[in-house]
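Read top to bottom, the protein sequences are chains A and B.
The numbers in the numbering used here rise by one with no breaks, and the one at position 44 of the first sequence is 44.
The numbers in the numbering used here rise by one with no breaks, and the one at position 228 of the second sequence is 228.
To be clear, the hints were calculated from the coordinates, so they are not data collected in a lab.
By construction, the Cβ of each residue, glycine as well, lies at the ideal position given by its N, Cα and C atoms.
Check before you lean on any hint, since a few could be wrong.
[What the hints assert, rightly or not] Partial selection, computed: residues in chain A whose CB lies under 10 Å from chain B:
| id | residue |
| --- | --- |
| 1 | L61 |
| 2 | R131 |
| 3 | V132 |
[Unchecked claim] Cβ-Cβ distance ranges computed for the label pairs, FRET-style:
| id | chain 1 | residue 1 | chain 2 | residue 2 | range |
| --- | --- | --- | --- | --- | --- |
| 4 | A | W326 | B | V278 | 31 to 39 Å |
| 5 | B | D308 | A | D7 | 53 to 61 Å |
| 6 | A | W326 | B | D308 | 39 to 47 Å |
The chain contents come next:
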Amino acid sequence: MHIELQDIRKYFGEVRANDGISLVFEPGRIYGLLGENGAGKSTLMKILSGYQAPTSGTILLDGQPVSFSSPSDALRKGIGMLYQDPQDFPPLLVSENYLLAYDDNLLLDFPKAEEELRGLGERFGFHIDPRVHVETLTLGERQQIELVRLLALGAEFLILDEPTTGISAEQKEILFNTMRRLVNEEQKTIILVSHKLEEVQELCHEVAVLRRGKLMGTKDIPCPNTELVRLMFGQELKRSERVPFQTGETVLRVEDATIQTYRLTVEGIDLELREGEVLGLAGLEGSGQRLLLQACAGLLQPRKGRILLDGKPLEGKRSPFFWTPWLALAFLAFRIVWAAIQFSSGQMSGLEMAGSIAAAALIAGTIWLIGSVLISWTSQTPYHEFQQRGGGYVPAGRLEEGLVAGLTLTEHMVLASPEHTFIIDWNRAREEINRRIQRYNIIGQPDTLVEELSGGNQQRAMLALLNSPLRVLLLEHPTRGLDVTSANWIWELFQQRREEGTAIMFISADLDEILERSDRIAVFSGGVMSRIVQTSETSVEELGHLIGGEQHE
Amino acid sequence: MNDAQIIRLLASVIAQSAPLMLAVTGETITERAGVINLSLDGTMLLAAMSGFVVALKSSEALATRGIDGDLLPVLIGFGSAALIGATAALLVAWGSIRLKQDQVAIGFVLTLLLADIANFLGQNYTRMPGPSVKHLPIPFLRDIPIIGPIFFEHDLLIYLTFVIVGFSWWWMYRTQPGLRMRGVGERPESAFVRGVKVNQIRYAYTAIGGALVGLAGAAYSLDIKLGWSDNHILGIGWIALAIVIFGGWRPVRGALGAVLYGVTKTLATQLQQSFPEVPVVLFNTLQWLLMLGVLLLVGSNAIKRLVDIAPKPLQRPLARALRVAPPQALGQAFLED
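This is chain B alone, in the form it adopts within the complex (with noise of 0.2 Å):
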């Protein structure tokens, strides 16, 4: 393979996990809020859906108007994925704070309806061509040697996924909102105690969350793996799911871990291609043993020592960086007294 190649390849990388990166990024929301959503599969799945249908029938409208382009379809089919994955996030957390159900079983239940629902709804709609987001490279980044062409020849969606990756994380760090929020799903009752209105906080970041899921799944139908097909993308929510823990419940560091999980994926078909005689589901499991070796890793007693023998100066910022804790009260319904 030459450098081209590799560099095709990555930038290839970054495009496929984008997606991942949205889902991510608003499930980490959500939980750190002390929510856990659990409908991510069923609610990418009916967002994939509905997004890609929606751009489809408004483009076709609009055409009779004399309207034509993709640009409006494609926004309306995101606006409308957005509120779907907004709608059943909050579902999750109404029947957690109103009806004190469980946020477990609530999830689980939904992420399998939300999934027929899709098929069934776009059973006439399968295997056709839609409206897609348009390639936009931006012109003088794209010409930075190997960073502009990984980075900077995608699309709008992907740019924009980017940048509220960035802003999850100072809104998330550097903003009193932001600390708010943590404090609400770490703890709760102290929150109530300085004034801090727990349950409207909750709701809010969910529907964001949510918000951010749906448009993952449209990230897909829309831009990554057009079209739509039954269980399109299954399985993809629960993988986002796995990387939030992975990425500790941080936003920069769950992105990194949906550019890992792209990675390795892509290492696996490489490694399939060197090694013919070898089953490639063998190759398939490769990228959850390391998942699973990581995360044993990051929670053992080697990482303290690790900090341990680490220079002085280094050591504070070291841990800090490989904290992994989920947030205290996640998945706990909160009770004003």
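Okay, chain A solo, but in the shape it has when bound (with noise of 0.2 Å):
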């Protein structure tokens, strides 16, 4: 199938999300679609799967133009999406999940459903039980599952999204043979969606890179890395010369950590970041950065090694109640020895015995929730423990995992100052916001609600929300939506911190802001650290190679 893009743009509002992009696949081959967060590949792939109309622009389908109604009508005509998040159904079994939507029959037909998911796994290398709950199955299972349910409802184009993002290094030699197969054996077309510039130098015969909404052009694979990078970053990283600072004594050290999530694991990390220094992580998202700054807030607990803030790792505290359920089990247990002997006794009758027992569970039972409420109360998470010891957080998620939406700029001053007070303060924590406010050139009152607040400004109130002084400082995108202005006033404030003796570490999509604003930069590549580089001696080809994920010295 011939499938040809001219002119496709797409504009939410001001935003151009595509901004005239035109191009041709050819049956047979594999295209790469490269880009940051934020590009518009997704919006691109979105509205060739079916998924949103573009503003304007034409998609030609062996020459005929076609518009697509939903999804469901692209795969009518050959186009399928398999999305990094498997559009599936976890609580269904493999066969229910495979059948919804697959016929308009009354009837469900499992044995062919099971004869088709079979048939076509097999032919494929998949190993698929039909019979188990989707919810049981690995990311990488369950998309070789709508994979082959794509096929079976006669996808010729397929567009994978970054599918090999939290599957296993097996499953992704079994998913690449299939794709080569699929374009060598019965000249389908794909578009590989990706972060990864091995993969896309791997698979590919062609890669198109976007940048902002625009087509920053075509290459044909091989291509070296480097042009990738610089397509896809802009050619204009410049470096400006900073002051080197003394750094002091360590404040935070990783000693071969492994952080492990659902879709990633990082493996043995090893940093040390001193009083006063900034240390960049860059890379591609989703490459790990995140999971490291999470583990050293104490959000995510490492599976192996240490994350030592001050010398001490970040443990919690137990709470010195955690005995309560163990003293209503003892409890009850006595009283039912107690019983059984005074039936047996003949003190007792059989209902007296059943009424001292049901007596006895009441008393357990409530001892237990005084003490499940008594132990939540007095223990303490890691991350509570992070932030009395000096550290503070900036998640990327703003009214997400930052602030808190439906309260004021004043309620989250409350609730950020380290003394909690019983009753509060009102008249000294607006002053208090006040003086933030007009420190971090916030636009809004100390009423102002979080979510009336511009992005860039609820970017502004979250920093403005961090105490001082602080030992360390982890950052996500600190800049992201600020204008130059605003971006370098914070970063000012950041430096009086780091001669306050904060050490900083932050992770950056900009690299850019990662060149100029650090001391030394670590890469992250598919969960794995680079060795750490110091600024001053590397150089833009560099970090292009360690972005790619390939380990240059």
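Work from the hints to combine the two standalone chains into their complex.
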């Protein structure tokens, strides 16, 4: 199937998610689609798969202009999309998941579904058991089932969105072989949307790079990584000289840490962060840098290794009431034995024994309940310990993680201040937030709800709410959504903290920012952290190689 | 107690549980499509009242035209009750899907409102005799020892209940529309990608479930607990909601839950006769404690361990039978892009 995109545009208000993109896809080839988050890849693929309609532009299918009313309409015309998060039904059986919306017959044909699943699975080397629940499978297996379904429904043109994120190496190998076979033997067309240059190099015949909604160019593979990185991040990478800073003693030490989540495993991280030092974490989004930051903040527990803040690990605190459930159990057991003895010696009737045990169960239950409440009140999570020991963490999700929607700036100030009093001193809180509103240049009033602030102002508000002095400051995209002047101002404030001895570790998708602001740089690629390089000794070329997953010297 | 008495007791448990089974099946269908309809209690009251009054009025009207017999009035009564149930349920769905309001909030307010409306509109019809469903044993089947007298010496409504429960199971697990309905309740965005019309399906199954709840209400006033009085069956709707959870959102297990509820209730009455010195209320709490215990047990690790020590070929069906999980998108409105 031959597909041509002509001048596709998609505007969301002022934002130009896709700005005049024209591409041609020929059968029997694998195309890569590269670009940073927000470059417009997903929007373009949503348009091509019928999820969204373009603002303007034409899609030609074998020379004929088409429009898709829905994803299922696109699939009927031969275009199938494999979403990064498989669009399946975890609580259903694999066979049910396969049959859902498969045809318009009244009765479900389970034997046929199982046969097709097994048959197609065998053809591609997938091991599919149709009689288990989808939720018991790994992400890679769910992907395989979804792929089989799309092929069974006649997809000639496949879009795979970040298919290797979160799947095992073997599954990746199987997937790649399948993709090659589909293209070589069955003349299908595949688009691989990816962050990983390595995979694009390994698999694709041709790659298109998007940046800020525009097509930056197409390249035939093989093509040097540095050229692709240039296209993705722009040509104008520059470096300003910065004053080297005298660093003090070690604040944060990570020793051979392994951090594991459902999607990604980061292994063998070793690093040391000193007072007054700024460490920048570069890499394509989702390569593991965020996991490291969260682990350092005590939000994730490393599976292996240690993370030390000022020489001590973040463990949280066990409640002094941890024994209450055991007390409840012991009491109940004692009463049951006692009642049984009384009954067997004839001092109690059966009914009295039952009553006595029931009463004991009631008391034990009450002890358990009160105990659980006490435990949850008196124990301390590692993250709270992190905060108490002078840690600050600013997450990327502003309204999801950083701020509480529905509360005003003043109320946030009360929540953020280190000393908690039972009765709130509103006047003091208002004065304090007013000071910070001015200092951080926030367009808003103390009584403004945080969700009413613009994105940039929410960002500034999160930074304004940090306490000082801090021992360590962990930042995710600290200046995302800010204009150049505000970004400079924010970094000036970080510089002041740095002089107070705060160690800073930050993630940024902006290579300029990393090169300009860090003392040292670590690059993440697919869960692997590169060796840490001195900013003054590195080059854009080297970072490009590292981001692409090559461990260069 | 002799055998005949026990059989009679069980038969009455089945009959008493039938309306509850209908309500549980209806709400199970609604919730499996992803809509939580908390207006059950009020809906059932209003349906019971209007079912009774409509049947009464139409029997009077038909009598003046020389048409006698209860069958037609009773059918009209059930029809109006089903209509009321479907309308109340659609209100919840509409408030959620169109007005984007919270389903729980709408359901709560609606249940209080409908209960009061029922008492207000029904105040002139309390404690009146009226038409009722005719007793109709099934020939031949009734002669089967033990099973016959327990299951086949009832009336049409109760047989219909069995059929509805079985049909819902078949529809949900063996047909394409039923599978789509479950998909919509579990993950509407995936269903949407596959071309399923999510909100259309939700409206349809909410209405069908609501109609069954309406029938359940009328089943009380026209069959099981005849007539109408203030707050005639107050609380039954909440019990039905609890049994939906107990049944793990499955029709057959929900129906069994309704029977189990009837059994424990009867058991409580019997126990109370055996231990007259124990206060009545204590035995009434028993059924809830039992239900709570079973729920905790099913949700705990004990079941997982039990499955692990079971023989290999039994493990999978056992685990499947003991699964309890609410539909994942229950109570969440789906916004199409």
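Hints and how they fare:
Against a cut-off of 10 Å between C-beta atoms, the interface hint on L61(A) is violated, since the closest Cβ of chain B lies about 18 Å away. Annotation: interface hint on R131(A) holds; nearest CB of chain B at approximately 7 Å, less than 10 Å. At a threshold of 10 Å, the smallest CB-CB gap from V132(A) to chain B is about 8 Å, leaving the interface hint in force. Look at W326(A) against V278(B): about 33 Å separates their beta carbons, and that is inside 31 to 39 Å.
The given range of 53 to 61 Å is respected by D308(B) and D7(A), whose C-beta atoms sit roughly 60 Å from each other. For the pair W326(A) and D308(B), the beta carbons lie near 26 Å from each other, so the given range of 39 to 47 Å is not met.
When the structure is compared with the earlier hints, violations turn up for hints 1, 6 and for no others.
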